[in-house]
Amino acid sequence: QVRLVESGGGLVQPGGSLRLSCAASGFIFSTQSMSWYRQAPGKERELVATITRFGGSTHYTDSVKGRFAISRDNAKNTVYLQMISLKPEDTAVYYCHAPEFNAWGQGTQVTVSS
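For what it's worth, the numbering used here labels the leading residue of the sequence shown as 4, then goes sequentially.
The set of hints was computed from the structure by calculation and includes no laboratory data. Heads up, some of the hints might be wrong.
As the list claims (entries may be wrong) - List of simulated lysine-lysine pairs, DSS-like, C-alpha gap at most 25 angstroms:
| hint | residue 1 | residue 2 |
| --- | --- | --- |
| 1 | K79 | K46 |
| 2 | K46 | K68 |
| 3 | K68 | K90 |
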């Protein structure tokens, strides 16, 4: 079955960096667009970034443009989210999403705090 496993979250100071990873299995990864979402306490889950199947096109929500970068390694069935210049408002649980299957990972907590 489709499985998505996120890793790489943690506690980081404002201005710091983190790289999230999402290992996918159970489907032909290279044929699917992939997305990262996040959900902060008391807020709705929001789309952060999307990458097309070969990585030729990416999309970001305005609040992370210039700071976050989504990428993928189809040989490793993994999608990444590189985050720099992190802000306290980036604090959330980050989820990997395979839209075609409406599949979600378990999430990884990112906390930006001094």
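So, going through the hints one by one against the coordinates:
With a C-alpha separation of about 32 angstroms, the suggested pairing of K79 with K46 is violated against the 25 angstroms cut-off. Restraint check for K46 and K68: satisfied, since their Cα atoms lie roughly 20 angstroms apart, inside the 25 angstroms limit. Simply put, K68 and K90 have alpha-carbon atoms about 13 angstroms apart, close enough for the 25 angstroms limit, and the pair holds.
Figure legend: structure checked against the earlier numbered hints; the only hint not met is number 1.
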